[in-house]
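Student: Here is what each chain is made of, one letter per residue.
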Amino acid sequence: MDPFKGQGGIQMLLIAEQEAQHIVSNARNLRTQRLKQAKDEVEREAAQYRSHMEDEYQKLISENTGSSGSNVKRLEEETDAKIKNLKKSTSKISSEVVDMLLKYVTNIKT
Amino acid sequence: MKDADVSRQIQQMIRFIRQEAEEKANEISVAAEEEFNIEKLQLLEAEKRKIRQEYERKAKQIDVRRKIEYSTQLNAARIKVLQAQDDAMGSMKDAAKKGLLRVSNDKKVYKKLLKDMIVQGLLRLREPSVLLRCRESDRKLVESLIEEAKKEYSEKASMQSPKISLDDRVYLPPPPKNGAVDSHEPYCSGGVVLASEDGKIVLENTLDARLDVIFRQKLPEACKEAPVRLNNITAI
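Protein sequences appear in the order of chains A and B. The letter at position 94 of the first sequence is residue 94 when you use the working numbering, and the numbering goes up by one with no holes. Each number in the working numbering corresponds to the 1-based position in the second sequence with 110 added.
Among the hints, a few may not be true.
According to the in silico footprint, chain B covers these stretches of chain A (three or more CB under 8 Å from chain B) [unchecked claim]:
#: 1; region: 26-38
#: 2; region: 54-65
#: 3; region: 71-81
Quick caveat, the hints were computed from the structure, so don't treat them as lab data. Since the model is a prediction, treat every value here as computed from it, not as a measurement. Built from N, CA and C at the ideal position, the CB exists for glycine as well.
Using the sequences and the accompanying hints, generate a full structural model.
Tutor: Following this line, the structure appears as structure tokens:
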């Protein structure tokens with residue numbers, strides 16, 4: 001066997017083997033990159049989703065603030081109306097009630 | 111042809127090595143894509159769930175906060191109404207207290223009232239010996255009424271005339287100054303306090319005490335009554 005030819009052949013095989021390793025290695029790297037890409041895409045889409053939820057949330061806050069405001073206003077109006085009615089009816093019967101109280105106080109059964 | 115054979119074999123081996131590598135790479139690539147999709151879906155779903163739960167919690171907090179706020183305001187509103195009711199009752203009572211002053215300032219009316227209150231007290235106590243306490247300003251009036259009261263008591267109760275001792279060391283508080291029924295100084299609008307000799311039984315028959323009792327007992331009834339029916343209410 002020609003020493004030159006044998007050496008060259010082995011060399012070629014080694015080179016081929018290295019290239020093969022590179023090919024596989026590249027594929028593995030791409031796989032790793034792809035997985036990282038998955039994470040990145042998830043982060044991006046999650047951020048979009050969060051943004052959407054935040055918008056919904058802010059909308060909810062606005063609605064609640066609005067409805068709270070109207071609830072408070074209605075409650076105040078109802079309360080004021082009750083108190084107004086109370087004062088009206090009290091002033092109507094006040095003198096009669098006072099007279100009645102005095103009548104009882106001064107009606108002493110013996 | 112031996113060299114040619116060797117050369118051909120080497121080339122074949124090289125092709126085989128490359129082919130194996132490419133198949134392997136392809137396999138990895140396909141698996142990678144699959145993993146990518148699965149990973150992405152799983153991660154995204156987990157992340158979305160986390161975000162959704164977070165916002166559900168926040169929304170729930172809004173609801174709770176809103177309910178607490180409304181409940182607080184509702185409570186404040188109720189207290190406000192109750193306070194208004196209390197104020198109204200207070201006004202009526204103050205008006206009645208001022209009325210008591212007019213009563214005790216009417217000498218003729220007050221004289222009869224005082225005697226009746228003494229007699230009523232005696233009838234309630236039914237004690238042979240009684241201690242009587244009055245306002246200092248009423249002392250002379252009371253002294254002038256005691257014999258008449260004793261006599262009336264004897265007639266009504268068919269009992270022996272009781273002994274009545276007028277307390278000349280301790281008196282009931284004086285009338286309210288300048289008609290200030292809302293002052294914090296103790297005052298007495300009129301009437302007497304009677305006690306058994308041993309002091310164990312005390313009957314407070316003052317105008318103020320009577321008003322307090324009647325106020326608590328009768329006012330709720332009165333407020334429910336129609337005004338026209340007030341005249342039909344029988345006296346206590």
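Student: If a hint holds in the structure, say so; if it does not, say that too.
Tutor: Consistency of the hints with the structure:
Look at the region 26-38 of chain A against chain B: 9 of its residues bring a Cβ nearer than 8 Å to a Cβ of that chain, three or more, so the hint holds. A stretch counts as covered by a chain when three or more of its residues have a beta carbon under 8 Å from one of that chain; for the region 54-65 of chain A and chain B the count is 6, and the coverage holds. Coverage of the region 71-81 of chain A by chain B holds in this model, with 6 residues showing a Cβ closer than 8 Å to a Cβ of that chain against a need of three.
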